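Asker: Sequence:
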Amino acid sequence: MKPIETLTATGAALLAAAILPLSLNAHCDAWDGPVIQEAQQALRDGNVDPTLKWVPPEAEDEIKTAFDRTLKVSEAGEESRELAEVWFLETLVRIHREGEGASYRGLQPAGQIDPAVELADRALEIGSADELAEQISEAVARRILNRFDKAAELRQSAAASTDAGREFVEAYVDYVHFVEEIHHLLQHGSHSH
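Every letter in the sequence shown is one number past the one before it in our numbering, and letter 118, counting from 1, is 118.
If you are wondering where the hints come from, they were derived from the structure by calculation, not from laboratory data.
On a predicted model such as this, the values are computed, not experimentally measured, just so you know.
From the three backbone atoms N, C-alpha and C, an ideal C-beta is built for every residue, glycine too.
Treat the hints with care, as some may be off.
The following label-pair restraints were derived from C-beta to C-beta distances [said to hold, decoys possible]: (1) Val-73 / Lys-53: 23 to 33 Å; (2) His-183 / Leu-71: 43 to 53 Å; (3) Gln-112 / Phe-148: 25 to 35 Å; (4) Gln-112 / Gln-41: 44 to 54 Å; (5) Trp-31 / Glu-134: 21 to 31 Å; (6) Asp-121 / Pro-57: 20 to 30 Å; (7) Glu-134 / Pro-34: 22 to 32 Å; (8) Trp-87 / His-188: 37 to 47 Å; (9) Arg-166 / Asp-32: 38 to 48 Å.
Let the sequences and hints guide you as you build the complete structure.
Answerer: So, in structure tokens, the structure goes:
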């Protein structure tokens, strides 16, 4: 058996989505996420280039065309501008998510970004992942210890009856699978969205 890797900042970032109590929403499709925020700034500046990093190279022309159309239609008035900008944002986010292998769910409301993702973004902004690594490490440790304590306690009475044995097995499976998932994530990473 290979030893479990030491939890580093990188490992902690990978564990963030799997460990903290989070919703399963990505933040790239949220109104307050980085894709939409940068795209809105690009529209204000009239410069598509900052948005291109969010899409695969083969989609650049589609984004440039959508951006140009959006600027042109925006000249027709406020209502046209709003409609065109939302269309551009939807196009950009859809292509971005497709490039990640994720389905497009529409633009999501602001204020629903996972706390771990906020911590990860903040770490990049301040240039240090120390707080992120500490919080993730603590969350992982708490969850391992809670599962261990429950399994260890139920193990003591597992032989008392079939029902007690099943209760232990349920706690044991939860404990072992959790540790196994963490180890797998550290060994192989995660690219799921």
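Asker: Now tell me if each hint is right for this structure.
Answerer: To see whether the hints hold, each was checked on the structure:
1. Val-73 / Lys-53: 23 to 33 Å: 24 Å Cβ-Cβ, so the 23 to 33 Å window holds.
2. His-183 / Leu-71: 43 to 53 Å: Given range 43 to 53 Å: holds, Cβ gap about 50 Å.
3. Gln-112 / Phe-148: 25 to 35 Å: 32 Å, holds
4. Gln-112 / Gln-41: 44 to 54 Å: 21 Å, violated
5. Trp-31 / Glu-134: 21 to 31 Å: With a Cβ separation near 30 Å, Trp-31 and Glu-134 satisfy 21 to 31 Å, so the hint holds.
6. Asp-121 / Pro-57: 20 to 30 Å: Since Asp-121 and Pro-57 have Cβ atoms about 25 Å apart, the given range 20 to 30 Å holds.
7. Glu-134 / Pro-34: 22 to 32 Å: 23 Å, holds
8. Trp-87 / His-188: 37 to 47 Å: Given about 38 Å between the Cβ atoms, the range holds.
9. Arg-166 / Asp-32: 38 to 48 Å: With Cβ atoms ~45 Å apart, the hint holds.
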